[in-house]
Amino acid sequence: MTDDPRTRAVYVISVAAELAGVHPQTLRAYERKGLLDPSRTRGGSRRFSEEDLARLRHIGELTNAGLNLEGVKRVMDLEREVARLLMLVDATRADAREAVARAHQLYRRDLVPVSQSMVPTRPQGRATPRGGVIQ
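In our numbering, the protein residues as written are 17 to 151.
Worth flagging that the hints you see were computed from the coordinates, not collected in a lab. Predicted model only: the values in this text are computed from it and were never measured. Even glycine gets a Cβ: it sits at the ideal position worked out from N, Cα and C. Don't take every hint at face value.
Stated by the list, open to error - Here are the in silico distance ranges between beta carbons for each label pair:
no., residue 1, residue 2, range
1, N80, R22, 34 to 44 angstroms
2, L122, A81, 47 to 57 angstroms
3, E114, R90, 28 to 38 angstroms
4, A115, S30, 52 to 62 angstroms
All chains should be modelled from the sequences, with the hints used to inform the complete structure.
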């Protein structure tokens, strides 16, 4: 068992079905289709968590929108994949920020202060058309 109340499987099938507003047989059908995966007791009885109930509500929303159970399964699989990819993008962004910060630290270490005095780049005087200098 887990300490997270959302994932703690506490509801028997009849209570979960009543809370979700469906028949217990519907929960069994959802499980057969792979839409639900409730926990099991040592004796094999199903136990549902708050997360399972939220999933049931989501299934209800999708079926009320006109999707059949295969469509619901595909949508939920895609939602899970999008969530996984978003986590990957977040991790990649964090890695990139760290790499940029490391690069900035290296650049700052390599900088050498420039002398503040002026260094002439050409001789003083007026230039002639041929490139000479008139003093």
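*Does the Cβ-Cβ separation between A115 and S30 fall within 52 to 62 angstroms?*
54 angstroms, holds
*Hint says 34 to 44 angstroms; check whether the CB-CB distance for N80 and R22 agrees.*
Violated, at about 24 angstroms.
*CB of L122 to CB of A81, is that within 47 to 57 angstroms?*
With Cβ atoms ~53 angstroms apart, the hint holds.
*Could you say whether the range 28 to 38 angstroms given as a hint is met by the Cβ separation of E114 and R90?*
Check passed, 36 angstroms falls within 28 to 38 angstroms.
Hint violations for this structure: number 1 only, all remaining hints satisfied.
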